[in-house]
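Listed below, chain by chain, are the residues.
2 protein chains.
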Amino acid sequence: MSAVKRRARPTLAVVAREAGVSIGTASNILGSKAALHSSETVERVLRVARQLGYRPNRIARSLAARRSQTIGIIMEPPHALFTRNEYATAVLDGVVDCFTPHGYHIKIITLRDMNPRTLWAQIDDGTIDGAILIAPLIDSPLLSWHEHTALPCVVVGSALPESLGFYCVDSDSVGMITEVVNWLVDLGHRRIGFVQGPAEQWSARQREYAFRQAMAARGIEVRPEWLACGFYTQEGGRRAAEQLLQVYPPLTALIVSNDPMALGVLEVCRQRGVRVPEQLSVVGFDDIPLAALANPPLTTVRNPIHEIGYHAAQALLEQITSGEVKRGNCLLRGELVIRQSAAPPPLRTG
Amino acid sequence: MSAVKRRARPTLAVVAREAGVSIGTASNILGSKAALHSSETVERVLRVARQLGYRPNRIARSLAARRSQTIGIIMEPPHALFTRNEYATAVLDGVVDCFTPHGYHIKIITLRDMNPRTLWAQIDDGTIDGAILIAPLIDSPLLSWHEHTALPCVVVGSALPESLGFYCVDSDSVGMITEVVNWLVDLGHRRIGFVQGPAEQWSARQREYAFRQAMAARGIEVRPEWLACGFYTQEGGRRAAEQLLQVYPPLTALIVSNDPMALGVLEVCRQRGVRVPEQLSVVGFDDIPLAALANPPLTTVRNPIHEIGYHAAQALLEQITSGEVKRGNCLLRGELVIRQSAAPPPLRTG
DNA sequence: ATGAAAGCGCTAACAT
DNA sequence: ATGTTAGCGCTTTCAT
Numbered sequence: 001m002s003a004v005k006r007r008a009r010p011t012l013a014v015v016a017r018e019a020g021v022s023i024g025t026a027s028n029i030l031g032s033k034a035a036l037h038s039s040e041t042v043e044r045v046l047r048v049a050r051q052l053g054y055r056p057n058r059i060a061r062s063l064a065a066r067r068s069q070t071i072g073i074i075m076e077p078p079h080a081l082f083t084r085n086e087y088a089t090a091v092l093d094g095v096v097d098c099f100t101p102h103g104y105h106i107k108i109i110t111l112r113d114m115n116p117r118t119l120w121a122q123i124d125d126g127t128i129d130g131a132i133l134i135a136p137l138i139d140s141p142l143l144s145w146h147e148h149t150a151l152p153c154v155v156v157g158s159a160l161p162e163s164l165g166f167y168c169v170d171s172d173s174v175g176m177i178t179e180v181v182n183w184l185v186d187l188g189h190r191r192i193g194f195v196q197g198p199a200e201q202w203s204a205r206q207r208e209y210a211f212r213q214a215m216a217a218r219g220i221e222v223r224p225e226w227l228a229c230g231f232y233t234q235e236g237g238r239r240a241a242e243q244l245l246q247v248y249p250p251l252t253a254l255i256v257s258n259d260p261m262a263l264g265v266l267e268v269c270r271q272r273g274v275r276v277p278e279q280l281s282v283v284g285f286d287d288i289p290l291a292a293l294a295n296p297p298l299t300t301v302r303n304p305i306h307e308i309g310y311h312a313a314q315a316l317l318e319q320i321t322s323g324e325v326k327r328g329n330c331l332l333r334g335e336l337v338i339r340q341s342a343a344p345p346p347l348r349t350g
Numbered sequence: 001m002s003a004v005k006r007r008a009r010p011t012l013a014v015v016a017r018e019a020g021v022s023i024g025t026a027s028n029i030l031g032s033k034a035a036l037h038s039s040e041t042v043e044r045v046l047r048v049a050r051q052l053g054y055r056p057n058r059i060a061r062s063l064a065a066r067r068s069q070t071i072g073i074i075m076e077p078p079h080a081l082f083t084r085n086e087y088a089t090a091v092l093d094g095v096v097d098c099f100t101p102h103g104y105h106i107k108i109i110t111l112r113d114m115n116p117r118t119l120w121a122q123i124d125d126g127t128i129d130g131a132i133l134i135a136p137l138i139d140s141p142l143l144s145w146h147e148h149t150a151l152p153c154v155v156v157g158s159a160l161p162e163s164l165g166f167y168c169v170d171s172d173s174v175g176m177i178t179e180v181v182n183w184l185v186d187l188g189h190r191r192i193g194f195v196q197g198p199a200e201q202w203s204a205r206q207r208e209y210a211f212r213q214a215m216a217a218r219g220i221e222v223r224p225e226w227l228a229c230g231f232y233t234q235e236g237g238r239r240a241a242e243q244l245l246q247v248y249p250p251l252t253a254l255i256v257s258n259d260p261m262a263l264g265v266l267e268v269c270r271q272r273g274v275r276v277p278e279q280l281s282v283v284g285f286d287d288i289p290l291a292a293l294a295n296p297p298l299t300t301v302r303n304p305i306h307e308i309g310y311h312a313a314q315a316l317l318e319q320i321t322s323g324e325v326k327r328g329n330c331l332l333r334g335e336l337v338i339r340q341s342a343a344p345p346p347l348r349t350g
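If you read the sequences in order, they're chains A and B. Our numbering numbers the first residue of the first sequence as 1 and each following residue consecutively. Our numbering numbers the first residue of the second sequence as 1 and each following residue consecutively.
Simulated from the structure, these hints should not be mistaken for lab results. Check each hint, because a few of them may be wrong.
Said to hold, decoys possible - Simulated pairs of lysine-lysine, DSBU-like, Cα-Cα distance not exceeding 30 Å:
#	chain 1	residue 1	chain 2	residue 2
1	A	K107	B	K107
2	A	K33	B	K326
3	A	K33	B	K107
4	A	K326	B	K107
5	A	K107	B	K33
6	A	K33	A	K107
Assemble the whole structure, with the sequences as input and the hints as a guide.
In structure tokens, the structure reads:
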């Protein structure tokens, strides 16, 4: 039994009564329209509110004002865990950094199922003013967003076709793949393999396409056996490596479309006695913390994920406050981080 | 201009009218009290709701029912970023895993300031039914929780004194420290150093205390110069190592109270030419992914963080549904993960 | 500059 | 089994 008797929480009506003003006046003052009132009144209401320990009820406020000052981060079931999704974690941080100072709250929405009948009820239930979609898959029901809800929305991690009508923020993977290809070709490589991500991921398709384009631009024909597919996991990287190591004549470089897979590739190389970078150069993507500690330290492309999250949040905030829909893609540039897993190709005598 | 004309979203009243029932009936059926009504009515209402694309407004529901079906994860400013806080990230996952199937939503509350005047308005604003506190610091205003709010609350990562009235879920660091000390002593070590975390963290104090107790139980007197303090960061570990490496006669083992610091210790050892584990054994805490990849692979204690989050969530859910306050501490057991950074001490000639 | 009143969309108690 | 009604605590016109 607590010694302090806890009175019921005072409502706006109580504050107004105690301060001798109308409830509307109190609302203005304790909201953000104090300018409308005389400084005496403002002061008095504020004082009473403080004395009474008044705390506004955000739910009531949301219902009346039809906005919740909360935004949602939407995670699809396949990659709903933050511990296994460094990408989503970094995005989350960026979003929090942007929205918190503006007094917005953040809600994590881990979709329970993707059934189109129940999907929108999970998202558009009045509790959020806008949403960040984390890397929706190619066939995701989320892509029909605009047909089902008017909620402002920004996509992160998938640069979708403009026809879908989203504003997307992503890293410029196409540009970065091109840079990596050119860098390797300049180093002397021509037989370059590519480990792509799962085909359901937009980014994976784009990276593959970019790879082909960049190679073509340097006059190199990509053979089908130079490509392998993993699932953005270390295990996927291992499998892909097993496959690509059998290509003959051997490839001299491998571009791996994310770091966990690249780590798997390095592992297999070590087992098979393939020396990196002397016999095979390996380049990853994302620059996760482990990349620097790999053996050898991984040359990779830094992915500015936190900035991506922050920028997406800014764009969303803009849409929410202006009421205008934004479209198009915003690609943030990464940066080639040169470590020790890539070097000029071995001299060939054949 | 969209081709599809989007009608205003139907409310419960509209559904009720179209289905020819009262609003109360519709509420029951679309809420979770369909059992009260005849199957015909239920079916009819459900059909109309589906046809109209009815989606309940959770805000209105929360206001009327006085619960939001949402719980908050409270992060204090110092460690508010998930990318730099693997602990909080894993807890978050555990909480999500537990609550999502129950239809609860999760809100991230990154406290903007710890001013006691504004603190509770940030948390107890009607939007959450309960809260998980992540490792509150020793002097945190959050510890006066019960004086300010009746919101159910569970603490994670800090086993607080029972007098504070919280239910706390944490790893059994005291038990694990004891186990590590005994293991090292059994290996032949007696001069064992300890790198503790920041004193503002409850867990750090407990681990230090446990260390002293365990050493005393084995009849070893701990000298003050065997202790150093870091800030749970790799840099902190480096500094502590610099300090402890100067102790004479040299220590033969170091217990480091988290893995990032242990990694820093290993780094300094390598620089100074101190061979691990031949000259110095190092044991960490937490078993972060990097631990297995360190050089040498780190012997450490696995911290079941996801389980901690999950269990805390369960306890919170219980409190919310039962209305009964739960107190006391629940300590989840870790597990010594033996790798290669610890071994018997070098033979001394006296 | 202030007050009165009409909701926001729903739940829950009570009546029938 | 169903309908009626009174709020939940706030914001927002519209008067004054």
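Right, here's what the structure says about each hint:
1. The straight-line distance between the Cα atoms of K107 (chain A) and K107 (chain B) is roughly 4 Å, inside the 30 Å bound, and the hint therefore holds.
2. For the given pair, K33 (chain A) sits about 42 Å from K326 (chain B) by alpha-carbon distance, which is inconsistent with the 30 Å threshold.
3. Distance hint between K33 (chain A) and K107 (chain B) is fulfilled; the C-alpha atoms sit about 28 Å from each other, no more than 30 Å.
4. About 26 Å separates the Cα atoms of K326 (chain A) and K107 (chain B), which keeps this hinted pair within 30 Å; it holds.
5. Only pairs whose Cα atoms come within 30 Å are accepted, and K107 (chain A) paired with K33 (chain B) is accepted, the gap being roughly 27 Å.
6. Proposed proximity of K33 (chain A) and K107 (chain A) is supported: the alpha carbons are some 27 Å apart, at most 30 Å.
Checked against the numbered hints given earlier, the structure breaks only hint 2 and satisfies all the rest.
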